[in-house]
Amino acid sequence: MKQYFKNTWEGLYTVFVGMIITFKHLFVPSVTIQYPSVKVPLPERVRNRLYVNMDDCIGCDQCARACPVNCITIETVKSLPEEDLGKTSNGKKKALWVTKFDIDIAKCCYCQLCVFPCPTECIYMTDVYEFAEFERNNLIFNFATLTADEAEEKIINYEKMMAEKEAQKAAAAKAKAEAAAKTKKEDNSTEKNNGKEKDSE
Amino acid sequence: MSIYDVIFYLFAILTIGSGYLVVTSKNIVHSAFYLLFTLFGVAGLYVLLAADFIAIVQLMVYVGGILILLLFGVMLTNKVTDVKIRTGTIHIIPAVIGTGLLMGVIVSMMLRTNWKSEPGELPFTTTYGLGRILLTDYVLVFELLAMLLLIALIGAASIARRDNE
Amino acid sequence: MYELLKDIFGNDIIAYIIGAALPLFVFILPFALFAVYLERKISAFMQDRLGPMRTGPYGLLQTIADILKLIQKEDITASETDKKFFNLAPYLVFAGSYAAFAAIPFSGMYIGSNVDVGIFFIVAISSLVVAGLLMAGWASNNKYSLLGAMRSAAQIISYEIPTVLIILTIVMVTGTLSLEKISQMQTAYFWNWMIFGGAGWGLTKFLLFPFMVVAFIIFYISSLAEVNRTPFDIPEAESELVAGYHTEYSGMKFAMFFLSEYANMFAVSAIAVTLFLGGYQSPFGYLGNTLGISWLIPIEQLFWFTSKGIFFVTIQMWLRWTLPRLRVDQLMAVCWKYLIPYAFVNLIIVGIITLL
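Protein chains in written order, with this note's numbering: chain A, 2 to 202; chain B, 7 to 171; chain C, 130 to 485.
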């Protein structure tokens, strides 16, 4: 019987205590952050979307090789000797036209391994994290500053130059070969002469 | 035809129609649910007869109590729900005799009763009079019924308890 | 009220229909909209959240948006359901909970039907809800729905007993079943309310006071169970039964269940208020009396009634977000081992006191 009344009292009392606790929480400021309008400050070294500062890129392909998921695609074309591509901010001379610098951010695993090898520190993680898209293709970011036409032009230029070079080389080789043939003849004759001389000695 | 007549016919159709469905439907749970409307319709008829207390007791006891227990019984014994009830005609002759006798009694009662057709004075509330009558003139019946219910309750509890041990 | 409507429309039947539809459109629908918003906000604040904030200022239009969504949704009826009863059940449930509003005195001017057995009528008509829930659960042809309906019916029937015993206690003190008369008895100031021992001074009042408080607590607990609110929400226990008896319902039919749940919440609060807390009576006189404006009094009464009702609805929500769900055996133990004996003892003691 005593237990019965004790149970009753405990039931009511504990409900009352619980209600006081929830009542107190009515006035506790909420922890909700109203996301799109209010954003949580991100930590300093946050790793989010990749960004490439093309002004500094020398097209060395080191980032693409470091990438564990192969999300970076780089295509480069050598510049013509007379073209001046300028220098990077840390004083490196640029020698390559970067015709294609694509990062498929959908594949990216945000490991930051591409950032360390970069000699000019031009690829880095930004704090942009809202880049949802409806199509996966839209997640491929093109960083190349050259337009398609320009890239085409550079490739053609390079090919032309290479062709010229090749032609020159071929010519040079031909000339060399001819010269070599000549010298060989001369050599032979001198040898003969020498032989003769030896013989005469 | 006043609005009360319309309501009366609505309740009458509800009662008789659902009563018919109770008898004819093949699924026992359907029958039980149709019974709900029958009982409800009867309660409505009581209201139209200015017997408000009886109407509410009808609702409370039949719809709220007996019908729910009936449904419980039907639903918990799950074999019953699958059984198709035979609604064919069997034992025609005894059935005709039985129903004929019942019908005769009812009809003769209807014919002999002196129905009040003149507008009588309706009591505004029936609760007071009912309570008074129950605890004076019919107190013995009232107490006996209470005893009967108590005995049934104790019996049910003891049967349920014995099952547990 | 009917006289007024009859004057306006000049027809008995139209006046009746409009009078009957009034609580639905003027009261229950706005109340449900408001209560859903209130519930979400209260739950959010109690859990240190913000709740709906996006739709409208402070999310005020959220429930309206939800209702619009529910109206647009496809009305799915699963192929294996018992179509007739499946479609009928939500209306039956709503009819049951709406019918209870007929006898609730909202103010001195407006009471749907001033029947002399008002409180008894409300208790009886609530049984339609039980039948409707059983129907919904069974017709869904889904074990979770059936389990939910069974639990719900068992729970409501069990908790009807302490409720009725407490109502009996009040009826014994007041000597009437009419909610209107009970309200009128508790007029003037708040110390005339039933919970403080009713009107009149003397020894009886002070003797009654503690037992009335006990009665009120028992009534409130059992009325919570009757409307399937937490901590007694095992019929729709989300973690066990999906959603109980309304698992299979969608669109407007689901909205009917939802509406009837919120209507029920207010109905039981309104009954508690009428029985114990003076109904529509103001706790300290009327402004209309002081100013001598007679038409202000019913409006004030309506204001007091709704604010008292909403206060208790808020406490229901408060309890919901405080307490976990009871187990089935605990639920039955609370009812049969605690509430009913206490209610009985209370009934007998109050009976003796009123005889004195």
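You may find that some hints are simply not true.
[To be verified] No farther apart than 20 Å at their CA atoms in a straight line, the calculated lysine to aspartate or glutamate pairs in the EDC-like style are these: (1) K40/A to D177/C; (2) K101/A to E76/A; (3) K95/A to E160/A; (4) K94/A to E76/A; (5) K272/C to D211/C; (6) K79/A to E167/A; (7) K25/A to D177/C; (8) K166/A to D85/A; (9) K101/A to D57/A; (10) K32/B to D177/C; (11) K40/A to E165/A; (12) K272/C to E209/C; (13) K94/A to E131/A; (14) K32/B to E168/C; (15) K93/A to D105/A; (16) K177/A to E160/A; (17) K466/C to E11/A; (18) K25/A to E168/C.
Calculated directly from the structure, the hints in this document are not laboratory data.
Pairwise hint evaluation, D211/C against K272/C, where the allowed Cα distance is 20 Å at most:
14 Å, holds
Holds or violated: K101/A with E76/A, Cα cutoff 20 Å?
Between K101/A and E76/A the Cα gap is close to 5 Å, so the pair holds against 20 Å.
So if I understand the rule, the pair passes when the alpha-carbon distance is 20 Å or less; does K93/A with D105/A pass?
Cα-Cα ~27 Å, so violated.
Distance restraint between K466/C and E11/A, which requires alpha-carbon spacing of 20 Å or less:
15 Å, holds
Does the alpha-carbon distance linking K94/A and E131/A stay inside the 20 Å limit?
Violated - the C-alpha atoms of E131/A and K94/A are around 35 Å apart, more than 20 Å.
Given the hinted pair K25/A and E168/C, is their alpha-carbon gap at most 20 Å?
Holds, because 17 Å separates the two Cα atoms, which is no more than 20 Å.
Assess, step by step, whether the Cα of K272/C is no farther than 20 Å from the Cα of E209/C, and give holds or violated.
12 Å, holds
Holds or violated: K95/A to E160/A, with C-alpha atoms at most 20 Å apart:
With a Cα-Cα distance of about 19 Å, the restraint between K95/A and E160/A holds, given a limit of 20 Å.
Starting from K177/A, check that the Cα of E160/A is at most 20 Å away, please.
24 Å, violated
With a cut-off of 20 Å on the C-alpha distance, tell me whether K32/B and D177/C pass.
55 Å, violated
Would you check the hint for K40/A and E165/A, treating anything up to 20 Å between C-alpha atoms as holding?
58 Å, violated
Given the proposed pairing of K25/A with D177/C, does the C-alpha separation stay at or below 20 Å?
10 Å, holds
When each numbered hint is compared with the structure, violations occur for hints 10, 11, 13, 14, 15 and 16.
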